[in-house]
Amino acid sequence: MYTIAVTVGGHDFEVTIKQTSPNGDRFAAQVDGIEHDVIVPDPGQQGPNEWMIVGDRPYEILFDEDLKTLRVYSGKHHIKVRDTRSAITRPESGDGRVKAPIPGLIARVLVEKGQQVSADDALIVLEAMKMENEIRAPRSGVVTSIRVKPGDSVVRNTVLVEVS
Amino acid sequence: MFKKILIANRGEIATRIVHACRSMGILSVVLYESEDISSLHVRLADECVLLDAPDGFLNMEAIIRIARQVNADAIHPGYGFLAEEPEFAQACAAAGLVFIGPSADTMEQVRSKINALYVVAAAGFTTVEYSEFSYGHDELSDIPQAAAKMGFPLVIKSCRGGRGLGERWVDSAEKLETVVRNAQAQSLDRYGDQRVYLEKGILPAHQVGVQILGDKHGNLIHLGEREGSIISRGNKIVEESPAPCLSDEQRQSLHAEALEIARLFNYENAGTVEFIVDADGNFHFTEIKSRIQVEHPLTEMRSGVDLIREQIRIAAGEPLAISQDTITLRGHAIMCRVLARDPWAEFMAAPGELTRVRFPCGAQVRVDTYVYCNAEIPLIYEPLIGKLTAWDRDRTSCIGRMETTLQDTKLIGIQTNIAYLQRILESAEFCDGTYSTDLDVQPFGDRRQPIEHYRDLAIIAATLYVKRNQAHTKNEMSTQRNGGWKQSARRMAMRGE
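Residue numbers (the working numbering), protein chains in the order written: chain A, 583 to 746; chain B, -15 to 481.
Source of the hints: derived by calculation from the structure; they are not laboratory data.
It is possible that some hints are incorrect.
Label pairs and their in silico Cβ distance ranges [stated by the list, open to error]:
| # | chain 1 | residue 1 | chain 2 | residue 2 | range |
| --- | --- | --- | --- | --- | --- |
| 1 | A | Asp619 | B | Gly417 | 37 to 47 Å |
| 2 | B | Gln391 | A | Ser603 | 21 to 31 Å |
| 3 | A | Gly592 | B | Thr380 | 27 to 37 Å |
| 4 | B | Thr380 | A | Ala610 | 41 to 51 Å |
| 5 | A | Asn605 | B | Glu413 | 15 to 25 Å |
Glycine is no exception: its CB is placed at the ideal position from the N, C-alpha and C atoms.
Work the whole structure out from these sequences, hints included.
Here is the structure:
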């Protein structure tokens, strides 16, 4: 039995959830005193679940690794999920390391070490799939290091720039 | 007829040409670079040959050498790459190979856009307003005067056509130099020619192209028009036929004008005569695309003509099997381009492996693609991974069918623009057919959902959280390393949760 606090679409919900089948494909979720059956088909699969039935409503879903967003037919929704038994919540954004979200080739470096940047300022232009992709600052701060130069090939998650 | 055709292209169009060859009893040979070995065209062709050249599909010599080695008698260039290079058509001829496309002479004339505009204007047709001269790096100082004469907004275009170089808009004199410099650099990079020219920008506008087919015996027909006004970050993404911005009367005169313009260039094989239609319904000729176009399935769905098959027949010297009188353009077709771009991260490229794939099914739905489950989306090519086309008897029904088609399509493992395509299809401007090139649809919606919807999402999120915790516990007990979110669950645990 878990009690999970979820914020989505500007609403706060408290969901009490328990597994109701031995193989983990059925749950009962209680919200505001009303119980909803949840079916998670194909529970033994590798990789993330891609669909679920809540009550009698099927949802095809896509979510990110950190459970910060959830995509269904109505669009992409930002979510906050917290186990009410633990008081710890993660900070909104991690450290100031800006990593390559995709592999590619560094086309241009748009900032210099020591430069003041604001959140969303373009830092690096990364070329992939015949396109120029701008990598932007996650927050305001000072560029403390630049780890790449034009022409470098980078793999996913390579640290490009640090902003502190 | 040819016995064997080499396809100098990749991806969905190579797959499409393999299908056409097979339906005609012609052997097909495809090329692939090592990154691309898992694409569908490589599997489906009769022969596949590794293209091991530094500039890949742009390397004429390597491609012609392979064509001779495999004893091909013709080359289909697809779109992009070498499709609009007259030098390639000439090199094919010199090597005794038939180039499936217009004559090198016609390609030369229409590749120079200023030349094409000049020829068409001289024949008395309305064209977009364009600068008399083209400009290189050393002529930057001449541009402001020409720009001031024409007035803003302006469109900066490369003198050399082809390969989908996006046009660049400038709305003020201050930005002119930067935009021109960038356009010149990109043009030099792509075509080896830095020269650009100016076109007067027309807003709001519609981009409409008329499909034409001509044979070597003087027959020239049109197969109706397509509208491609919905452009996102340089990619046309939703196209349709017929164009909702035209009345039947306008449509007929546009078709007639397109045929007359094509005749000015002795056009043979497949091509598209492109126009800008302004807010008052005037046509302005812009250019001729001397190749098969990405959006050709729209025309095929409405006319029943297999355009690739016709291209091959025309190149083999056969007369058109159809005449203008026997063509019937039926109903309405809509095509969406599925791109590996993330609409929620500023349309960033999204290469990777497709772990799960579900394509749409149902009547009057067509899928053109090179991907399948577990296929790799390569990093080095353009982001088009497939095209979804729907046909129905009228536009309203067709929109409904396209919406279902989009919802049926699931590509898991990479980000795609499908959700964004859905937002465009449900926008008021698209639904009533009044959109133009300035259509602005944001990827994030502000539509409020009833609270029950958010409650269901909360239940889904809570269930995912619980399942992840269970997987995490299970993982601790085994040493098995699983991919994806389970690893991520371990990382969260290490961060102290």
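Do the hints match the structure? See the list:
| no. | hint | in the structure |
| --- | --- | --- |
| 1 | A:Asp619 with B:Gly417: 37 to 47 Å | holds (43 Å) |
| 2 | B:Gln391 with A:Ser603: 21 to 31 Å | holds (29 Å) |
| 3 | A:Gly592 with B:Thr380: 27 to 37 Å | holds (34 Å) |
| 4 | B:Thr380 with A:Ala610: 41 to 51 Å | holds (43 Å) |
| 5 | A:Asn605 with B:Glu413: 15 to 25 Å | violated (49 Å) |
Hint 5 from the earlier list is the only one contradicted by this structure; the remaining hints agree with it.
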